[in-house]
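Protein sequence lines, in the order shown, are assigned to chains A and B.
Final position of the first sequence in my numbering is 588; the numbers increase by one with none missing.
Final position of the second sequence in my numbering is 208; the numbers increase by one with none missing.
Treat the hints with care, as some may be off.
Here are the simulated distance ranges between beta carbons [to be verified]:
hint: 1; chain 1: B; residue 1: L95; chain 2: A; residue 2: A524; range: 24 to 32 Å
hint: 2; chain 1: B; residue 1: V61; chain 2: A; residue 2: M545; range: 19 to 27 Å
hint: 3; chain 1: A; residue 1: I438; chain 2: B; residue 2: R121; range: 50 to 58 Å
hint: 4; chain 1: A; residue 1: P401; chain 2: B; residue 2: A7; range: 45 to 53 Å
hint: 5; chain 1: A; residue 1: A544; chain 2: B; residue 2: Q187; range: 33 to 41 Å
hint: 6; chain 1: B; residue 1: E24; chain 2: A; residue 2: L511; range: 16 to 24 Å
Interface residues of chain A toward chain B, partial, derived using beta-carbon atoms under 8 Å [as the list claims (entries may be wrong)]:
hint: 7; residue: E407
hint: 8; residue: R410
hint: 9; residue: Y422
hint: 10; residue: Y472
hint: 11; residue: V481
Everything labelled a hint here was simulated from the structure, so no lab data went into it.
All values reported here derive from a predicted model rather than from experimental measurement.
By construction, the Cβ of each residue, glycine as well, lies at the ideal position given by its N, Cα and C atoms.
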Amino acid sequence: MASELIQAGAIGCPECDLLGEIPALAPGERARCSRCGFLLAVSYEDPFGRAFSFALSALIMLLVAMAFPFLSITASGISNSMTLLQTVSYLADYGADVIAFLVLVFVILVPAIMLLLILVLSLSLRRHRFHPLLQAPTRWLFHLNAWAMVEVFAIGVIVSLVKLAAMAHVELGLSFWAYLAFSGLFLLAFSSMDRLTVWSVIDRIRRSGT
Amino acid sequence: MTTARAAGLAVCHTCLALLGSEEHVCHRCGSRLHERIPDSLQRTMALLIAAAVLYVPANVFPIMTTDQLGRTEESTIIGGVILLWNLGSYPVALVILVASVLVPIGKILTVAALCWTIGRNTGVPARQRTTLYRITEFVGKWSMVDIFVVSILVALIQITGIIVIRPGGAALAFAAVVVLTMVAAQSFDPRLIWDERRDEAGQGGRS
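With the hints as extra help, turn the sequences into a complete structure.
Rendered as structure tokens:
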């Protein structure tokens with residue numbers, strides 16, 4: 379049953395407009411446009427169970443990352459530590475409101491909203507249910523991804539460490555590791571929600587319902 | 002090989018459903034449906050010009066200010082790269098140089114060049130131009146790395162009286178460049194690259 383989540387049928391490539399036929403994909407297989415190479419679909423064994431587990435773990439890691447010290451430094455005998463949310467609040471304190479807002483949105487809000495959407499949607503689709511009110515949020519999920527910058531922030535943390543290593547002693551807090559785990563799990567959670575699988579299953583639930 | 006347009010169809014950009022090209026809303030996901038993104042080239046070029054203008058203050062003004070023992074030091078993006086290089090952190094210096102200086106301007110030039118090739122017979126294969134487009138779309142958000150570094154340093158380096166780091170004026174301009182180039186890449190419709198191919202093939206056949 380899992381292998382038939384994406385049904386064979388006509389499909390159009392959204393990047394080059396070519397019409398083609400997509401075959402039924404077995405788990406682990408992917409379909410690309412024959413002309414431009416665009417990745418049309420990836421098939422997973424139990425995609426929604428997979429997405430749910432990764433999204434739940436990612437959300438827990440995000441909460442851990444927000445609760446504990448992220449990094450701390452010691453220089454000339456004085457130490458200072460920061461939390462994830464302080465990267466936002468200090469910018470706002472110095473009047474850089476817009477930057478503070480962008481960091482909050484790209485690093486915490488967008489990923490958190492996407493994870494919540496994935497949780498609700500994967501749970502509902504796995505139980506073969508789809509409430510009409512979920513249609514718009516499901517659409518947003520696929521458009522929000524361009525603005526989730528968790529892995530970019532993770533690299534930003536590493537760059538900061540290198541910059542600071544020369545002038546102070548830097549200690550990595552629990553949240554640092556939690557954030558790295560969160561960024562990996564987040565990418566796995568979203569990639570499990572293959573859009574063709576999601577919309578094909580929604581199509582089928584609707585047809586069987588009426 | 003037939004295209005959706007030639008068959009009187011349109012592909013939904015959110016859920017990949019095939020619909021009649023006269024439809025306005027996708028039946029499956031409810032997205033607004035366009036056969037091609039409306040005014041794609043004009044929108045993209047307008048956003049690129051705005052990004053190019055802001056690229057100047059983003060590099061001229063300081064991205065952060067360091068107050069150390071009463072001494073104030075301002076550092077620009079390039080200044081940060083030079084500092085890292087002098088510290089011997091060559092890989093990180095290169096990451097920042099590429100992500101913050103080369104990628105934004107490279108993106109602006111690449112997407113502008115892609116817009117320019119639409120409707121002109123440049124001889125650059127469509128597949129290669131699509132690859133270029135995908136690279137610019139993929140690297141877009143990586144330019145934010147410098148903004149995140151500033152936000153981390155500002156939060157961490159707050160030892161009043163000894164050393165304090167504050168965000169600088171270039172940060173806003175720089176963030177705007179990144180966001181504008183990302184929106185520009187999204188407004189560019191890559192299907193335009195492939196639309197002209199029929200003409201190319203026709204001319205190729207005649208010669």
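Problem - Cβ separation of B/L95 and A/A524, checked against the hinted range 24 to 32 Å - result: Given a distance of about 26 Å, which is inside 24 to 32 Å, the answer is holds.
Problem - Satisfaction of the A/Y472 interface hint, Cβ to chain B closer than 8 Å - result: 5 Å, holds
Exercise for the section: Starting from the range 19 to 27 Å, see whether the pair B/V61 and A/M545 falls in it by beta-carbon distance. Expected result: 26 Å, holds
Exercise for the section: Check the following: the C-beta atoms of A/P401 and B/A7 are separated by a distance inside 45 to 53 Å. Expected result: 23 Å, violated
Problem - Range hint 16 to 24 Å (beta carbons of B/E24 and A/L511) holds or violated - result: 23 Å, holds
Handout entry: Consistency of beta-carbon spacing, B/Q187 to A/A544, with hint 33 to 41 Å
Key = 39 Å, holds
Practice task
Using 8 Å as the Cβ threshold, decide whether A/Y422 counts as touching chain B.
Solution key: With a minimum Cβ separation of about 17 Å from chain B (threshold 8 Å), the hint on A/Y422 is violated.
Exercise for the section: Starting from the range 50 to 58 Å, see whether the pair A/I438 and B/R121 falls in it by beta-carbon distance. Expected result: 53 Å, holds
Practice task
May I ask you to test the interface hint for A/R410 with respect to chain B, counting a Cβ-Cβ separation under 8 Å as satisfied?
Solution key: 12 Å, violated
Practice task
Have a go at the A/V481 hint: is there a Cβ in chain B nearer than 8 Å to its own Cβ?
Solution key: At 5 Å from the nearest chain B Cβ, A/V481 passes the 8 Å test, so the hint holds.
Practice task
Closer than 8 Å between Cβ atoms is the bar; does A/E407 clear it against chain B? Give me holds or violated.
Solution key: With Cβ-Cβ at 17 Å, over 8 Å, it is violated.
Checked against the numbered hints above, the structure breaks hints 4, 7, 8 and 9 and satisfies the rest.
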